[in-house]
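**Q** Using the hints provided, position chain B relative to the given structure of chain A.
Given next are the chains, with one letter for each unit.
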Amino acid sequence: MKEFAIRALRRQVEYEQLWALLAIDLEVHRGEVFGVIGPNGAGKSTLMKVVARVLPPTEGRVRVRGSVAAMIELGAGFNGEMTGEENVVLYGSLLGRDADVVRSRVPAIAEWAGLEGFMDVPIRAYSSGMLARLGFAVATDEQPDVLVVDEVLSVGDAEFQDRSRDRIDTMMKHGTAVLLVSHDMGLIVELAGRSMFLDHGRIRGFGASPDVVRQYLPPVD
Amino acid sequence: MPSNTVTYYDSDLARRPLVSELRNLWEYRDLVGLLARRDITVRYKRSSLGIWWTLLNPLATTLVLWMVFGQFFRFETPGVPYVVYLLSGILLVTFFSQAVLTSGAAIVNNSAILSKVFVPPEIFSVAAIAAATVNFALSLIPLAVIQVITGQGIPWTVVLVPIPIFFLALFAAGLGLLVASAAVFFFDVLDLTGVLLQLVSYLTPTFYPISIVPAAFVWVIYLNPLFSYLEVFRGFMYGGTAAPAWNFAYMVGSALVTFLIGVWVFSRSWRNLIAVL
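One line per chain: the protein sequences are A and B, in this order.
Residues in the first sequence are numbered consecutively from 1490, following my numbering.
Residues in the second sequence are numbered consecutively from 18, following my numbering.
Chain A with its partners taken away, still in its complex shape (with noise of 0.2 Å):
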């Protein structure tokens, strides 16, 4: 009955003798955003990799279904000698996607990241928000069934925050499951109906936002 998006079951990666992830049973189902947090070096980034199918698991099993959209980092694979064009058309490439439809796309992808005009230039001129603007609109051009989001949506101005947040939502009501990394726990309790607490690779927490926030932020008196 549970259609299931993404089922990790026990999902493990071994770096060098130390379990960057153990014993991590989780299921994400359609539609939902699940958050996912804790400190530095908790393995949240690690997690999101091996959803990606960046990392293979040493032990255990990951099964997604559908296509997935990583932003784990925005532009990967951005060449700043290369114009804003010729970098969508690559960028877009490597996220699996058809190179003539992504070219395609080309005119309302810059339109959506407010880069008219500036697709023709090498983007190495670019600013860092272009940049992440750029990465964005290409990430979510299409509807990915899963979207994992590493700590990617506090990037631009609020203006360009408020209509990324209101692309994934969009995406969430057409059934995307969207995993959800981030340090701000404002926007975690705002979008994510569960999330987990995760420290030194472990399940600290687990369950309804709020609470596991406040497992991990205890509220100070």
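These aren't lab readings, by the way, just hints derived from the structure by calculation.
C-beta atoms are modelled at their ideal positions from N, C-alpha and C, and glycine is treated no differently.
Keep in mind that the hints are not guaranteed to be accurate.
What the hints assert, rightly or not - Between beta-carbon pairs, the in silico distance windows are:
1. L155/B / G1606/A: 51 to 59 Å
2. L213/B / D1673/A: 50 to 58 Å
3. A1588/A / S64/B: 55 to 63 Å
4. P172/B / D1587/A: 40 to 48 Å
**A** Below, chain B without anything else, positioned relative to chain A:
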């Protein structure tokens, strides 16, 4: 609406056997093309001579070697002007070295991408081979011009030149994947490869005729697979002849065996590689 691609990832099924590896290469051919284009254009984007820089090195080398060995030492190459013999050898060996080195470095150089998005890693090595092949194809233009100028001419067999190029690219891809697997763990492998390639190039008759090699040493040259590729290439490019059958056999055999070993080793070691990147 979820996208209509019914992709399904299951880490248990995601072993990387040889067949799926080769199928990946075909499925990702567009991306290989884009990456090859990036490799070719980005390097010279800011220079005015652009891609022609890749020709400058072999042409300058040829000029100097022609002076030293053609004019000072007076090497004789019966049936072909020395400069044609020399340039054809230099170009092919340069292509081979460049292909092995760039494809060997491709995984390390693209680790930033590989640790963030899922792409079959071997396509970066293959793209590097493709870029080197395009450079080589371009470099055949000055060779053809020199053949015409020196009166050697261009035989019809030139249409068969893609055959040795294809097998040499395959051979280089196999070696490149082996180097790439090792280079992730020991970066020094790249430097070592550069040294070995240079030694092998001296054992390939690029600037000296095979006739000056003492009988006791000829087997060293024959053993060097690069010699067979060069013989086949020279035969088609300017000789208008086919090299001896054993050269063809050695060429095809070494290419296929090396390529399959390279892909196999690479796919076996990939699971360990990715964690280190």
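**Q** Indicate, hint by hint, whether the structure satisfies it.
**A** Cross-check of the supplied hints:
Checked against the hint of 51 to 59 Å, the C-beta distance between L155/B and G1606/A comes to roughly 34 Å, which is inconsistent with it. The hint said 50 to 58 Å for the Cβ distance between L213/B and D1673/A, and at roughly 52 Å that hint holds. A beta carbon spacing of about 27 Å between A1588/A and S64/B contradicts the range 55 to 63 Å that was offered as a hint. For the pair P172/B and D1587/A, the beta carbons lie near 42 Å from each other, so the given range of 40 to 48 Å is met.
When each numbered hint is compared with the structure, violations occur for hints 1, 3.
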